[in-house]
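Since the structure of chain V is provided, determine the placement of chain Z on it from the hints.
Line order of the protein sequences matches chains V and Z.
The numbers in the working numbering rise by one with no breaks, and the one at position 50 of the first sequence is 50.
The numbers in the working numbering rise by one with no breaks, and the one at position 100 of the second sequence is 765.
In silico SDA-like links for lysine to any residue, alpha-carbon gap of 20 Å or less:
(1) V/LYS291 <-> Z/LYS691
(2) V/LYS229 <-> Z/LYS685
(3) V/LYS407 <-> V/ASP286
(4) V/LYS315 <-> Z/ASP754
In case anyone wonders, no lab produced these hints; they're calculated from the structure.
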Amino acid sequence: MGIFIDHVEFENYRQYGTGKLSFNKKNKKMLYAVIAKNGTGKTTLLNAITWCLYNKEYQIDDKSKALPLINTAVFQKANHNDEITVSVKLLIVDDDEKKNIEFTRIQTFKIVKTHAGNKKAISNDNNFIVTFTGEHENTEPQYNSDAQPWVKQYFDEDIRNFYFFDGEQLKEFFGESKSKAIKDSIYNIAQITLLEKCIKRIKDIRKDLAKEIAKDYPSLSSIEEEINKKKERIEFEKGVLRDCENELAELVPKREAIESELKHYEPIKALKVKQAEYLGRLNKLDDEATKFKKDKADFVRRYVVLLNMYPSIKKTYDLIVEKEKKGELPPDIDKDLVLRLLEKEEATCPICNGKINENARSHLKALLNKITVSSITANELSRTKGPLEACLEETGKFEEKLTIFNKRENELERDIKHEKDLLQEVNAKLLTYGNASETFDVAAKERESQNLQSQINQLYIRQGGAGTRYRDFVEDLAALNKKWKDAFSKQKGLETKKREINLLDDLENHYSLVMNNIINEILQEISFTTQRIFDEMIWKKNTFGKVSINGDYEVEVHNKNNVLMTASLSATEKMALAYAFTLAVHRASGKNCPLVIDSPLGRVSDENRGNMARSLLEISTITTKQLIMLFTPDEYSEEVKVVYDNKVNVQELKLSMDETHVEGV
Amino acid sequence: MAGFIDRITYISPSNFEYIKELENQKVLGIDSSLQRKDIFFLAMALGLESPKDLPKQHDFIRNSYFKEEGEALLRAVNIGTAESENEIDEKTNLNNGIKYCEKCAEGGFAKLRELVAESTYSGDFSEDVLEKKLLVQLKFKFKQYFKDNL
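This is chain V alone, in the form it adopts within the complex (with noise of 0.2 Å):
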């Protein structure tokens, strides 16, 4: 049971043209491999699919580039004036709905004659419709607007990554700019946008009431107005935090592109693995002078208070080695006792009953002369002397030490310099490379490369900053709400709105709780999945430990010592992993929906790709899940064909004579 797609049926759109692609589950086949080479409508489908749903053609690079939407040969025969229409539909089945559903996105175009005499293709409207079709009745068609809440149910576009992705980008599903999707990701599955809603509107009762109360109580209106000023400052930081995380979920994947780009370019390779070299070496140092820094900050720190402090402990320390000496420590003698015996004319002996007499009395004012501390001191001075001792030790060894700190300091300082020197010659390399014979501008590539990284380290500056003052506002916030609370409760009377207040307080209390327990709870859910399925999928079986989301939303591998290793996983295995989250985001979604996947083994290594293939075959199987995946000739190899043999649906494409059309559709 889940959702299938059915068909896909195109007008007029791209080199599809017009015809039907159909992925029917008649013959409970769940997995469809479509085979086609490079440039003959792979990922043009995925495009159709995300036109259709989102009006959006996400594999498109540079949109100004491309060709338009209308199917080549239509345009080429299209007249003057002409009307154009181009279509997708998408069909899906909900079998636990049991309805199905139709996509369809549709775009007229005008042809116009342009100054230079050519044809160009206007667009004019742009139409969504879904339909649905029960076991006993038809309903209305949505349009657009009302139409859009449908494919939010089925296809989200804010994870629509999750459904339809290319498995080229595979390599760069756990990056840092992608911890903010899985994020989104979790946070839309648990569907917590009601609760942040009734959170928000909370806060805006309370807000509205504690205006009105603070009208009439001075007192309450200073604090108020602290605390508006104080959210103000909140929002503005959280503003920047977000500009930040969205320019840097632009430029990172960018400096990464141009730099896989130059990475790959022969004739420069050997200076990019040293360049690689020699920044790894210097970020591994600049790490080692941070945490000098700290160390040598804790030292000084330490020092300050055990030398000032040295004559003091040291006079401590004396003492009680003397009364040690003494005899006095540890205590054998009550000096409390000794003088509330003295203090009593007739006080009896506590151990013999007797009484004391003059005689006792002259021995007990002896022995009184003798202890100078309470048997209570006594014990303190007693636990007081290792703490000291240690102390004293440790002051012995400053200077010791210093001379370490200063070595050190000098070392990483000569180290640094040398990696940054070579690092700047290797720039200085690549920044001057020029070969006027080669279409490759190794120069420009890596000055655009170099001049993202100086944005992206400002960015991350600046969202460091902002994210420093806003977890202080928010704890001064929390301080001044106190504050107001305080003064509020002494507030004579107002019992009703004391009683209002406190209850939106509950409530909002009560709310993010929940909201948080539902967060957690998916999270652990996806946690859980990820790694059932990849253990399933990898066939490794004495490498791998706990798979977990941590609390950055990141995707971490440990192996069997429970030691990270994400960072070490080859091609094969970040993309078993990469499927693993997506399933069990699939499956923590609730609705067993359709996955397509552009080249899903291309990352993968021959001799694993039959491992590979095998495991997406009996997820497919076992889950009852449509998978489409889309392979290049060479992609669905021997290995694949083995594996597929009469197990899956098999359809070819191939591009027409005239190139202007898919034919198989």
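Same frame as chain V, but now just chain Z:
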């Protein structure tokens, strides 16, 4: 006399605010992860010779967090001021003695403000300058205590 009662150790509200500035500038490694007792000891050690009354009190740390070494240092501060053997009982009792430690810390925060101001140029605080300045003083003290007396 009883043991060290678990109550609160105070600093003044203005110094409580000042600690946030120290954390922001990471003065002497002070950040939000540093235990409050370590900040208190730093201030107390700097203010041993210039104790000051607290104008107002702000909760800072529970005494139970001082632990063994902390209590030993607090006790040493008080015993260090004892002029005769008769005062030892009183000076060992931290329930009274903590007040004097709070005063030392108050004086120490004033000293720290001076040191930070002296290490700030055109509004920019330099940790390097502050550390160098303190290290000169520490080297002098070390020589005085461990070498001159030999």
